[in-house]
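Novice: As a plain string of letters, each chain reads:
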Amino acid sequence: MQKKYKNLYANGDSFVFGMESIEDFSKTIENKNFAFPKYLHDMLGCSTYVNNAYNGASNDFIFRRTVFDLTTKKLPPEETFVVIGWTSPHRIDVDGKGFFSQIPNFIPDPASPEGPAACAEFKDHQIMFVNPGIILNFIKDNIKIDANKEIIEWCAKYIWTDNLQVPLIESKIIALDHMLTQLGYDHIFVNTVINLPYTDHLDPSCKNFYKIESDSFYQWALKTYPAEHRAWNHFSFLAHKSYAEILFNYIQSRDE
Amino acid sequence: MNKKTVYANGDSFVFGMEILGDDSRDPANKDLSFVKKIADSMSADYINNAYNSATNEFIFRKTLIDLEKLKQDGIAPADVFVIIGWTALHREEIVGKYLLDYYHAGYSYKFKSDSQEYTDFGTFFISPSHSQKMRIVANGTVQTIDLIGPAAEFCSMCLWDDDFQQEKLETKILALQNYLEHNGYRYIFINTCCTLGSSKLINFDSPKLFQFNTSFFDWGKKYFPNSLKLKNHFNETAHIAFAKLVIDHINQNSL
Numbered sequence: 003m004q005k006k007y008k009n010l011y012a013n014g015d016s017f018v019f020g021m022e023s024i025e026d027f028s029k030t031i032e033n034k035n036f037a038f039p040k041y042l043h044d045m046l047g048c049s050t051y052v053n054n055a056y057n058g059a060s061n062d063f064i065f066r067r068t069v070f071d072l073t074t075k076k077l078p079p080e081e082t083f084v085v086i087g088w089t090s091p092h093r094i095d096v097d098g099k100g101f102f103s104q105i106p107n108f109i110p111d112p113a114s115p116e117g118p119a120a121c122a123e124f125k126d127h128q129i130m131f132v133n134p135g136i137i138l139n140f141i142k143d144n145i146k147i148d149a150n151k152e153i154i155e156w157c158a159k160y161i162w163t164d165n166l167q168v169p170l171i172e173s174k175i176i177a178l179d180h181m182l183t184q185l186g187y188d189h190i191f192v193n194t195v196i197n198l199p200y201t202d203h204l205d206p207s208c209k210n211f212y213k214i215e216s217d218s219f220y221q222w223a224l225k226t227y228p229a230e231h232r233a234w235n236h237f238s239f240l241a242h243k244s245y246a247e248i249l250f251n252y253i254q255s256r257d258e
Numbered sequence: 056m057n058k059k060t061v062y063a064n065g066d067s068f069v070f071g072m073e074i075l076g077d078d079s080r081d082p083a084n085k086d087l088s089f090v091k092k093i094a095d096s097m098s099a100d101y102i103n104n105a106y107n108s109a110t111n112e113f114i115f116r117k118t119l120i121d122l123e124k125l126k127q128d129g130i131a132p133a134d135v136f137v138i139i140g141w142t143a144l145h146r147e148e149i150v151g152k153y154l155l156d157y158y159h160a161g162y163s164y165k166f167k168s169d170s171q172e173y174t175d176f177g178t179f180f181i182s183p184s185h186s187q188k189m190r191i192v193a194n195g196t197v198q199t200i201d202l203i204g205p206a207a208e209f210c211s212m213c214l215w216d217d218d219f220q221q222e223k224l225e226t227k228i229l230a231l232q233n234y235l236e237h238n239g240y241r242y243i244f245i246n247t248c249c250t251l252g253s254s255k256l257i258n259f260d261s262p263k264l265f266q267f268n269t270s271f272f273d274w275g276k277k278y279f280p281n282s283l284k285l286k287n288h289f290n291e292t293a294h295i296a297f298a299k300l301v302i303d304h305i306n307q308n309s310l
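Chain order of the listed sequences is A and B. If you read the first sequence in our numbering, its first letter stands for residue 3, the second for the next number, and so on. If you read the second sequence in our numbering, its first letter stands for residue 56, the second for the next number, and so on.
Treat the hints with care, since some could be wrong.
DSS-like, lysine-lysine: derived pairs with alpha carbons at most 25 Å apart [stated by the list, open to error]:
| hint | chain 1 | residue 1 | chain 2 | residue 2 |
| --- | --- | --- | --- | --- |
| 1 | B | K255 | A | K75 |
| 2 | B | K263 | A | K125 |
| 3 | B | K276 | B | K85 |
| 4 | A | K151 | A | K5 |
| 5 | B | K59 | B | K277 |
| 6 | A | K159 | B | K152 |
| 7 | B | K286 | B | K85 |
| 8 | A | K75 | B | K263 |
| 9 | B | K276 | B | K286 |
| 10 | A | K209 | B | K299 |
| 11 | A | K159 | B | K255 |
| 12 | B | K263 | A | K159 |
| 13 | A | K34 | A | K213 |
| 14 | A | K213 | B | K124 |
| 15 | B | K263 | B | K299 |
| 16 | A | K99 | B | K58 |
| 17 | B | K299 | A | K76 |
| 18 | B | K255 | A | K99 |
| 19 | A | K125 | B | K255 |
| 20 | B | K299 | B | K277 |
| 21 | B | K286 | A | K209 |
| 22 | A | K151 | B | K126 |
| 23 | A | K209 | B | K124 |
| 24 | A | K209 | A | K75 |
| 25 | B | K223 | A | K75 |
| 26 | B | K59 | B | K152 |
| 27 | A | K6 | A | K76 |
| 28 | B | K255 | A | K76 |
| 29 | B | K126 | A | K213 |
Note that these hints are calculated values from the structure, not bench results. These figures come from a predicted structure and were not determined experimentally.
Put together the whole structure using the sequences plus the hints.
Specialist: The following block contains the structure:
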């Protein structure tokens, strides 16, 4: 018999957020209600849904916010199921205050043409997520700052290599798995973008890891739901619902 | 009864840099570091995997990966005492290859680094206050380059913010504490040279965080100013005295 939970807590990137689950290009908060963690919340019979994922989030951010959110103990461990979606290793979150200080008195506004909606993380946490595919240009008073030029190039030169990033994500996965267990949270970790085939340090047989070395939500959905593939590489609610069913069945079988 | 092991990780203060002499980075310094003296007091085997200039991110990941390996090798967590020296907030680990290729633009070059992290991992640790002078021989010409310039400007603008970095450190401390407790490791965390603001997450008064509001460096400067070496580390006298403080604390609190 499946254990009942009152709360489901989720953290991760745009796939956990549910970006584009409603329609092409959609980044609105309503997408969270059509993301796979929401369907899993329903299947587990939860009444409270906390989805703190951000579009573009880095693994370091996902790790930090989860540690911060769950050590404040607002969600009792015995009543809460945790879903973490680990993302692509090659992402970074930078101090937005420092970056935007290049344009005096400039504060990016998600609602204005100068500030893209990607900056929800700046509004909430004064940071900015950057990945190799993002385009972020800010122009004001004839001053232009270009995240592509100033951040992505630096990261590509100095930190975005697998031999540096893979151990970083491995250590965070190990630490968070043990931490959640120690605190008493039942949990599941999935890959959202890419599997970790070269992992040297993770135990793929750990019951809290769903296909951590062999598959990801993106890879699975691309193969299984190609017609639901959206304009910006995410998937419709149909793929999310189906993935939630797979996770629910996995959780049931592992807990038997 | 199984033989105990002390596992240590951290920065140059844990490494024991300069104990053997000004600017000495010889691994033999590790045998004189305060953590070795703590290991001796426990009659324990001694593993010191600290690196000079290590980042907190590196210390976190290397500790986890090392301890997982120790478990796989059959060393029971209950037989291991873990000592972590957390370091300054503003440090970064970068991959060395691009930097070296950049300076030599297609020429073949020979490069031998004094930085152990480059030898072991192909990376360099950089920080705002340390110059990283590298001597490189390329096509018969000797060049000295400073790694800090091209890489650190970006870090100063986009990464090295106090609040941002403290949140990163605090979550690592909390996660590592939980990892160690879940596995049954005994441990103590030491602040080697970090200046911390007030914390929303961490209880600095925990006996497992040794005098976390101050640091080994600040303590050493105050009580052993004459022990200070060329590159701001301490001689063995200060390490012996600091080890005694930590040993007394461990015993008094039954850690």
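Novice: Does each hint fit the structure? Answer for all of them.
Specialist: Comparing the hints with the structure gives:
1. A C-alpha spacing of about 13 Å is found between K255 of chain B and K75 of chain A, which places the hinted pair at or below 25 Å, so the restraint holds.
2. For the suggested pair K263 of chain B and K125 of chain A, the alpha carbons sit about 36 Å apart, so the restraint of at most 25 Å is broken.
3. Note on K276 of chain B and K85 of chain B: the hinted pairing holds, with a Cα-Cα distance of about 21 Å set against a maximum of 25 Å.
4. In summary, the hint linking K151 of chain A to K5 of chain A is not supported, as the alpha carbons are separated by about 50 Å, beyond the 25 Å threshold.
5. Annotation: proposed proximity of K59 of chain B to K277 of chain B is violated, straight-line Cα distance about 33 Å (limit 25 Å).
6. Of the supplied pair hints, the one linking K159 of chain A and K152 of chain B holds, its CA atoms being roughly 9 Å apart against a limit of 25 Å.
7. Of the pairs offered as hints, the one joining K286 of chain B and K85 of chain B holds, with about 17 Å between alpha carbons and a cut-off of 25 Å not exceeded.
8. Of the supplied pair hints, the one linking K75 of chain A and K263 of chain B holds, its CA atoms being roughly 21 Å apart against a limit of 25 Å.
9. The hinted pair formed by K276 of chain B and K286 of chain B meets the criterion: a straight-line CA distance of about 13 Å does not exceed 25 Å.
10. A C-alpha spacing of about 44 Å is found between K209 of chain A and K299 of chain B, which places the hinted pair above 25 Å, so the restraint is violated.
11. About 35 Å separates the Cα atoms of K159 of chain A and K255 of chain B, which puts this hinted pair outside 25 Å; it is violated.
12. Note on K263 of chain B and K159 of chain A: the hinted pairing is violated, with a Cα-Cα distance of about 39 Å set against a maximum of 25 Å.
13. In summary, the hint linking K34 of chain A to K213 of chain A is supported, as the alpha carbons are separated by about 23 Å, within the 25 Å threshold.
14. This hinted pair checks out: K213 of chain A and K124 of chain B have alpha carbons roughly 22 Å apart, not beyond 25 Å.
15. Between K263 of chain B and K299 of chain B, the direct Cα distance comes to roughly 16 Å. Compliance with the 25 Å bound is thereby established for this hinted pair.
16. Between K99 of chain A and K58 of chain B, the direct Cα distance comes to roughly 51 Å. Violation of the 25 Å bound is thereby established for this hinted pair.
17. Restraint check for K299 of chain B and K76 of chain A: not satisfied, since their Cα atoms lie roughly 40 Å apart, outside the 25 Å limit.
18. Between K255 of chain B and K99 of chain A the CA atoms are separated by roughly 21 Å; this keeps the pair inside 25 Å, and the hint holds.
19. For the proposed pair K125 of chain A and K255 of chain B, the alpha carbon gap of about 20 Å is at most 25 Å, so the pair holds.
20. In summary, the hint linking K299 of chain B to K277 of chain B is supported, as the alpha carbons are separated by about 16 Å, within the 25 Å threshold.
21. Taken as a hint, the K286 of chain B and K209 of chain A pair is broken in the structure, with Cα atoms around 48 Å apart against an allowance of 25 Å.
22. Only pairs whose Cα atoms come within 25 Å are accepted, and K151 of chain A paired with K126 of chain B is rejected, the gap being roughly 44 Å.
23. For the given pair, K209 of chain A sits about 20 Å from K124 of chain B by alpha-carbon distance, which is consistent with the 25 Å threshold.
24. The straight-line distance between the Cα atoms of K209 of chain A and K75 of chain A is roughly 24 Å, inside the 25 Å bound, and the hint therefore holds.
25. Restraint check for K223 of chain B and K75 of chain A: satisfied, since their Cα atoms lie roughly 19 Å apart, inside the 25 Å limit.
26. At roughly 39 Å between alpha-carbon atoms, K59 of chain B and K152 of chain B are farther apart than 25 Å, so this suggested pair is violated.
27. Among the hinted pairs, K6 of chain A with K76 of chain A is consistent with the structure: their alpha-carbon atoms are about 18 Å apart, no more than 25 Å.
28. The suggested pairing of K255 of chain B with K76 of chain A holds, with an alpha-carbon distance near 14 Å, which does not exceed 25 Å.
29. Between K126 of chain B and K213 of chain A the alpha-carbon distance is near 23 Å, which keeps this suggested pair within the 25 Å criterion.
Of the hints listed earlier, those the structure fails to meet are numbers 2, 4, 5, 10, 11, 12, 16, 17, 21, 22 and 26, in rising order.
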